[in-house]
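J.: Chain order of the listed sequences is A and B.
Following the working numbering, the numbering of the first sequence begins with 1 at its first residue and continues without gaps.
Following the working numbering, the numbering of the second sequence begins with 1 at its first residue and continues without gaps.
Calculated directly from the structure, the hints in this document are not laboratory data.
We put the CB at the ideal spot given by N, CA and C, even for glycine.
Don't take each hint at face value.
[What the hints assert, rightly or not] Under 7 Å between C-beta atoms, here's a sample of chain B residues computed to sit facing chain A:
hint: 1; residue: Y11
hint: 2; residue: G12
hint: 3; residue: T49
hint: 4; residue: Q51
hint: 5; residue: R73
hint: 6; residue: K111
hint: 7; residue: A112
[What the hints assert, rightly or not] Quick look at which bits of chain B chain A covers, simulated, 3 or more residues with Cβ under 8 Å:
hint: 8; segment: 24-35
hint: 9; segment: 79-92
hint: 10; segment: 98-104
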Amino acid sequence: MFARIASFEFRYQLRQPVFWVVAILFFLITFGSVVIDQISIGSGGNVLKNSPFAIAQTTAILSIFYMFVTAAFVANVIVRDYETGFGPIIQATRIKRFDYLIGRFVGAYGAAALSFAAVPLALFLGSLMPWVDKETFGPNLPAAYAYAYGVIALPNLLLTSAVFFAVATMTRSMSLTYVGVMAFLVAWIAGSAALNLPSLEDFAAWLEPFGIAAYAQSTQYWTAAERNTRVPELAGALLWNRVIWSAVALAIVALAYATFRFAARGAKASRARVEVIAPQDRPAAGPLPSPRFDAATARAQFFARLKMDLGQVFRSPAFLVLVLIGMFNSAGGLWLSPDIYGTSSRLLTRVAIAILNGAFTLFPIIIAIYYAGELVWREREKRTHEIVDSSAVPDWAFLVPRFIAISLVLIATLTASVLTGVAVQTIKGGVPVELGQYLVWYLIPRSVDWILLAALAMFFQVMTPHKFVGWGLMLVYFVAGITLNLIGFEHVLYNYGGVSTEPLSEMNGQGDFWVGAAWMRAYWSAFALILLVLCHALWRRGTETRLWPRLRRLPRRLKGPAGLIMGTATVAFVAIGAFIFVNTTVWNPYVTSREQEVYLADYERTLLAYEETPQPTITDVRFNLDLDPHSPRLRTDGRYQLENRTGRPLTHMHVRWDQFTEMPALTVQDAEVERAFDRFNYRIYRFRTPVPVGGRFALDFRSVIQQRGFRNGANITSLVDNGSFVNNYAFAPLIGMTRQGLLAERTQRRRQKLPAQLRDRDLDDARGHATNYVRADWVNADITVTTVADQTPVAPGYRVSDVTRDGRRTARFVTEAPVLNFFSVQSARYDVMEATHKGVALSIYHHPGHDWNTARMVTALKAGLDYFETNFSDYQFRQVRVLEFPAYGTFAQAFANTIPYSEDIGFVADLRDPDKIDYVTYVTAHELGHQWWAVT
Amino acid sequence: MLTIQNLTHVYGNGTRALDDVTLTIPKGMFGLLGPNGAGKSTLMRSIATLQTPTSGAIRFGDLDVIKEPERLRRVLGYLPQDFGVYPRVSAYDMLDHMAVLKGISNGRDRKATVEALLHQVNLWSVRGKALAGFSGGMRQRFGIAQALIGNPELIIVDEPTAGLDPEERNRFLNLLAEVGENVVIILSTHIVEDVTDLCPRMAVLAGGKVQLEGAPADLVQALNGRVWKKIIDKADLAAQQASQNVISTRLFAGRTVIHVLSDTNPGDGFEPVPGGLEDVYFSTLSAARRAA
C-alpha cells in the first residue's frame, strides 16, 4: 500500500506543470551559469567551472533557492485535498494515516529530487558546449557530480521538504506554507550572518543546515588544483552536519505525522457557522430606489472598488506577514549597518536608504508580483465574477481601482520600511533623521519603480490563461533582464523599468543623477500606461477567458477615452524615448561593458608594443583648470616642459589621453603627428629634428571633460555640483604607453584572445629600475583652479593666491620642490578645521556637519608626523590637507601634501563606542605615511 | 419582452452548447427546464452579457444585447448558478458594494435598498457576519438579494433553488413571485415543481435545442388521457422499456412506478393518471433522446 501510494504520488507530481516548469527553469539557470562567462557560481580565478568545488557550490546554492520548489511539491501533497474537497473521499477509504501521509511525502520528495537532477545535468551538458572557454573547464569527474547530488543536494532537499511538509500539514494552507518559506529563508540568512565569524567556524560547520559552512570548512585551505580535482572526505563536521540535519528532517516528518489527523480540523469547525434565527416578519417588498448612472455614481463605484481591493490586500494575512518579515530583515541590516574592521558608519539617512535598497527591496517586488496575480484573478477564483461582471459597473472599474490599489499597497509597504529606518536611526542616535531625503531619494523613486513592475505583472496576468503563467512570465522577465545586460544589451530604452544609477551623497545629495533617471521613469511610465490600457481593453469580463476572442473585441474597447489615453501615452513614449536616445547615445557615448572590454583588448593589442619605447621626462607642469561643476564641464589649458633624458637623441614621442576626454588642442614643440590612433586617443609625434640628449621642449594642450544631458548607465561622478574630484590622468595627456588600465580579469583576457596574464618584469630587469612604480616623473607644478564662487578649489602645492571675481573663485597652487606628476583637483563647499603641529599647517576640509571625526583626524596627523619624522626623515612640506569627497568612491588617496578622503569612510564612522576599532586614525596615518613612501 | 433568435454557441473544445435557439419571453415568470448539461447556463450567461454567442441575436425591448451589453446590464439582475464570496466581507458590506456597482450611488438610497433587501431575504439578523461562513441556503438568499438591487427589468436566476430546504425554497419563490409581475424573469431550473408553481410560460431545453415551449397548463392539457401508470418489479423494467414508450421511472416503496405515453390504453395492468408537468418534461426529454 505504502509503495503504491508513494509511486502514485511520484507519478502524479511528474504530470504536474510545476515539475516541468521547475526542471526547465533550474536547468536554464545552471546552464546559463556554465555557458555564459559572466555568470559564475563557485568558480572563477583558477577554479574551473566544472571542478568538484564549483559543482558542489552551485548545487548547494541552488538547493537553497529550491526551497520555494520543495514547498510547492510537498505542500501540494496535503493542501490539494482540502482545496479540491477530495480529502473526505480519500479519508473515508481504508487508507492508513501512515501510508497516506508518509507515502505521499516520499513520492513528492522523490519528484522534487528528480527535478533537481536538472542542475547536475545542466552542469554536465554546459561543459560540453562548443563555444565555452575550454580553459575554464577540466575533465568531467563523475564522482564530483555524485558527491554534490548525493551529499549536498539530497539531504538539503529532504530538510526543506520536511520542514514545509510539516508546516503544510499543520496549517493546511499554501500561503501560510510560503510564509513559512520566507521565515525559514530569513532565519537562515540571519543565522549565517551571525555565524560568519572565524571564531564560530567549527560551530557553523555543524549548525548551518545546508552544509555550505561545513563544505567551506573542509576545503578552506585547498589550493585551486585541489579544488579542481578533489572532493572532501565525508568525515568530521561535514559528515555529522549531513547526518544531524537529515535526522532533524526525519524528526520533523515524524512530528508532522504525529500531529496529523484525518478529521476536519477544529479550527474550521470553530469558524462560527452562522445560522438563521427564527424567520421574522419582514416589511413588504416596497419599491426600491432606482439606479442612476452619472458622474457621482462613477465616483462612488471607483471608491467602492478601491476600498474593496485595498481591503483584500491589506487584510490578507500574507501581506502583513510579508511586510513584517521585510521590516524585520531591514531592521537587522540597519542595526548592523556596513562596517569597516567591525566599526559601523553612522546610520545617516543616505546609508539607511542604501541598506533598505538592499535588505527590503525583495519584499515590494514579491508583493507587486504576487498581488498583481491575486487582484487580477480574484473575482474568478472566488467565483464572484458572474455577479460582478454582469452588474452595471463600467469597464474601467475593473482595472483602474485595482491598479491604484496595488500602487497604494506598494507605497504603504515602502513607507513601512521608511518607518523601520527612522526607528533604528532614532534608537541608534547620533544622526539627524532626514524625512525629506527618505521621501525624495527613496520613497518616490522606489514607488515608481515597483508600481511599474506591478503594471507589467498585471499585464502578464491579463494576457495569460492562468495566474501561474503570469507569475512565470515575471520570472522570465527578470532572468531575461539579467541575461540581456550580461550579453551586452544594456540600453534603458529596451530594459523595461530600467533607470540609470542614482548614487547618493551628503555632499552632493542626488546631484543631477535624478534627472536622467526621472526621464527614464517617465518613459517607462508612458509604456506602462499603454500596457494598462491594453489590460483594460483585454480584461476578462464575463466567462470568456480565451485570448483570441478578447483580442477581437479590442478595437471596439479602445474607442473613446481608452484609445485617447493610449494614443497620448504612445506619443509621450516615443517622444521621451527619442529624447533619452539623444542624451544617452548621441550627446554621450553609449558603451556597453562588452564593447568596453573589446576596446581595452584592442588598445592592448595595438599599443602595448610601444611600452618599451624611450620617452622624454616631464620636468614642469602648468595647469589652468576652469571648472563649471553645474554643467558639468572642466576645461584645462596646460603646458609641460620636457627634457630628453633617454641618453640618446629623441626622434619620436608618444602622447595619449583618457578615453572620454576631448583634446581640442595638442601641440608638441618642433614636432608633428606622424601617426594618430584616433580610436584610442593615442598619437605618435615625430620631431622635425631629433631632440639632443638634455634638450628641452614644451607640450601645450587644451582638454575638455564634460557631460551633456545624461548617460545610459553611470553618469560622470568626478565633476558634480558639490564635491568634484578629478586627477591629471583624466584631464592631461600622458607620455608613453603603460599597462595601467588594461584588461586584468583573466577570463575577460582569455575571452578577448589575450594572454591570460601580463607577466611582471623580472626582478633584475634594469628597464624596470629606470622608473618608479607609478611611472610618474618628478615635476615642478603650477596649478590654477577656477570654480564657482561658493566653493573652495584645492590642488597639491602651496596656495599663492585666491581671488573671487565675477562669481568665480580662482586659486593658484605652486610647488617649492619637485613632486611626483600626480595631481588631484577638488572643489566643494567646505568647512575647514585647522591646526598647526611643529610648524606644519594641518587642515581638514569637510562637508558642513561631517565634523564627528575631524578632531580625531587632526590627532592622527600629529601622531603620524611625530612618528614618521622620528623614524623616517623630516617632513618635506609645510602643510598637509585632508579633503572630503563624495561617497561615489570609498577610499582615501595621497597626493603631495594633499589627501582626498571619501565621505563614506572616516568622516561618518561611528566611534562613539570606545571599544570599536578606530580605523579613522589608521587610515589617516596610513595616507600621511605615503608622503614618505610612494605617493599614490 | 426578450427575444432570442437563432442563438448558437460553440465552445473552444467544439461543444455545441446552444444550437439555433429561438425563444420569445414575455413579461412575467418564464421557466426554463432542462437536465444538467442542456445548455441552460450557457443561455443564461449569454443573456447576462457574460459571454458572446457564436451567432444569433438577443434583443431586450429595443435593445441589442450583444452590441450594447452595458445598456442591458443597467436593467439586469442576475443570480448565477454557482457563485462565491470574497473572504472577510460581511453580508451588509457586500450587498452595499454590489449596490454601488449597480448604480445606487446615493448613500441614503443605498441604505434603504440594502436594509430592505436584507429584511426581505431574511438575512437582517446576520448582516454583520462574514458571507464566507454562510450556509448554502443563506448564500443563495444573499444572491437573490443582490439580483433585486435597483429594480431590474430583466431578472435571470439560474438554478436558484438547488440546495435550499423546502421552507427556504418557498420563501424564495414567494419573493420572486412578488417582484415578477411587471418584469421579465427567467427561472432556469431542473426542478419541475419550481415551474409548476410559478411560471405562466415555459420552455424545455435539451441538447442545446428548445424542445418544447408554451404555457404549462396547455402543455399538461395536451397530455391529458395519454399518460398511463403501472407498478412493476425492477426486473421487468427492460421488457417494458422495449415494448412501451416509458417516459419516467421512479421508486415507490421499493417497487418501480413507470409512466408511459400512449394515445390508447396499453392494457396489461396500466391505469390512467392525470398528466402533470413532470410528465410533459419527461416525455419531451425522452422524445429528444430518441431523436438524438
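J.: Does each hint fit the structure? Answer for all of them.
T.: Here's how the hints hold up against the structure:
no.	hint	verdict
1	Y11	violated, 10 Å
2	G12	holds, 6 Å
3	T49	holds, 6 Å
4	Q51	holds, 5 Å
5	R73	holds, 4 Å
6	K111	violated, 9 Å
7	A112	holds, 6 Å
8	24-35	violated (count 0)
9	79-92	holds (count 10)
10	98-104	holds (count 6)
In this structure, the earlier hints numbered 1, 6, 8 are contradicted, and the remaining ones agree with it.
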